[in-house]
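Enquirer: Sequence:
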Amino acid sequence: MNKFASLIEIESLFEKWGQQFYSENISQTAHAVQCAQLAEEADASSALVLAALLHDVGHLVDLEDSSGKEEHVIDTKHEATAVRVLASLFPPAVTAPIALHVEGKRWLCAREDGYFETLSQGSVASLALQGGPMTDAEADRFMAMPQFEDAIALRRWDDIGKDISKDQLPLDEFRRLLHSHFEKL
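Residue numbering for the sequence shown is 194 to 378, as defined by the numbering used here.
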């Protein structure tokens, strides 16, 4: 899949693959909704709430492209896949944090004491595939990026948005946000 032509394609991927689990004890949809809820609770912009909702859509695309057999032994660059398919529908305020949320994990591992110990088993496994903690030079360059703060915020929501006991809003609540944001473009 090269890019989405409409929001209907995003919605259909969530309907088809959203109940799949990916090395975590939470479904793709539940994780996406929890991350978006966390962004809303933090009074994030609507663009950043959408980024939180859609940050792992690359996993859904990978599932679609592989008929449900996503690889966990290689880094599929799900963040790049997400940006590629979303860029025709959403502005950089949505896609830039998505593009950088994996780098955010690498930065936090390099620069925040104790962060690595908070990662889920799935995040630890994927970190090794994604290049491990950043070097000092990489971390300095990352911090200088204008999207740094949004990427780190998204990363933190990604890390904690895996609570299977948390009450969450239905995906339909965020469909309204998707459509209203899309109509503004």
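Hints listed in this document are in silico derivations from the structure and should not be mistaken for laboratory results.
Predicted model, so just to flag it, every value in this text is computed and none were measured.
Beta carbons: idealized from backbone N, C-alpha and C, even for Gly.
There's no promise every hint is true.
[Claimed, not checked] Okay, derived cross-link-like pairs now, BS3-like style, lysine-lysine, Cα gap no bigger than 30 Å in a straight line: (1) K355 x K209; (2) K355 x K270; (3) K270 x K359; (4) K209 x K359; (5) K270 x K209.
[Claimed, not checked] Estimated spans, in silico, between C-beta atoms of each pair: (6) S259 x G324: 30 to 38 Å; (7) S238 x K270: 35 to 43 Å; (8) F214 x H372: 36 to 44 Å; (9) E366 x F309: 16 to 24 Å; (10) S358 x D329: 14 to 22 Å; (11) D333 x S205: 39 to 47 Å; (12) D365 x D333: 15 to 23 Å; (13) L370 x D329: 14 to 22 Å; (14) E366 x G325: 20 to 28 Å; (15) S238 x F214: 27 to 35 Å; (16) P285 x S313: 40 to 48 Å; (17) R368 x P284: 26 to 34 Å; (18) F214 x K270: 30 to 38 Å.
Enquirer: Now look at each hint and say whether the structure bears it out.
Expert: Taking the hints in turn, this is what the structure says about them:
Straight-line distance between C-alpha atoms of K355 and K209 comes to about 20 Å, which keeps the hinted pair within the 30 Å bound. With a C-alpha separation of about 20 Å, the suggested pair K355 and K270 falls inside the 30 Å cut-off, and the hint holds. Using a Cα cut-off of 30 Å, the hinted pair K270 and K359 holds, with the two alpha carbons roughly 28 Å apart. At roughly 23 Å between alpha-carbon atoms, K209 and K359 fall within 30 Å of each other, so this suggested pair holds.
Note on K270 and K209: the hinted pairing holds, with a Cα-Cα distance of about 21 Å set against a maximum of 30 Å. For S259 and G324, the Cβ-Cβ distance of about 23 Å falls outside the hinted range of 30 to 38 Å, so the restraint is violated. About 26 Å separates the C-beta atoms of S238 and K270, a value inconsistent with the hinted range of 35 to 43 Å. At roughly 27 Å, the beta carbons of F214 and H372 sit outside the given window of 36 to 44 Å.
In this structure the supplied range 16 to 24 Å is violated for E366 paired with F309, their Cβ-Cβ distance being about 33 Å. Our hint of 14 to 22 Å for S358 and D329 is violated, since their Cβ atoms are close to 38 Å apart. A hinted range of 39 to 47 Å for the beta carbons of D333 and S205 is consistent with their spacing of about 41 Å. Taking 15 to 23 Å as the suggested C-beta distance range, the pair D365 and D333 does not conform, at roughly 42 Å.
Distance hint check: the CB atoms of L370 and D329 are about 38 Å apart, inconsistent with the given range 14 to 22 Å. Range check, E366 to G325: Cβ separation about 37 Å, and the 20 to 28 Å hint is violated. The hinted range of 27 to 35 Å is satisfied by S238 and F214, whose Cβ atoms lie roughly 30 Å apart. At about 28 Å, the CB distance of P285 to S313 disagrees with the hint of 40 to 48 Å.
Taking 26 to 34 Å as the suggested C-beta distance range, the pair R368 and P284 does not conform, at roughly 19 Å. Taking 30 to 38 Å as the suggested C-beta distance range, the pair F214 and K270 does not conform, at roughly 20 Å.
The structure fails to meet hints 6, 7, 8, 9, 10, 12, 13, 14, 16, 17 and 18 from the earlier list, while all remaining hints are met.
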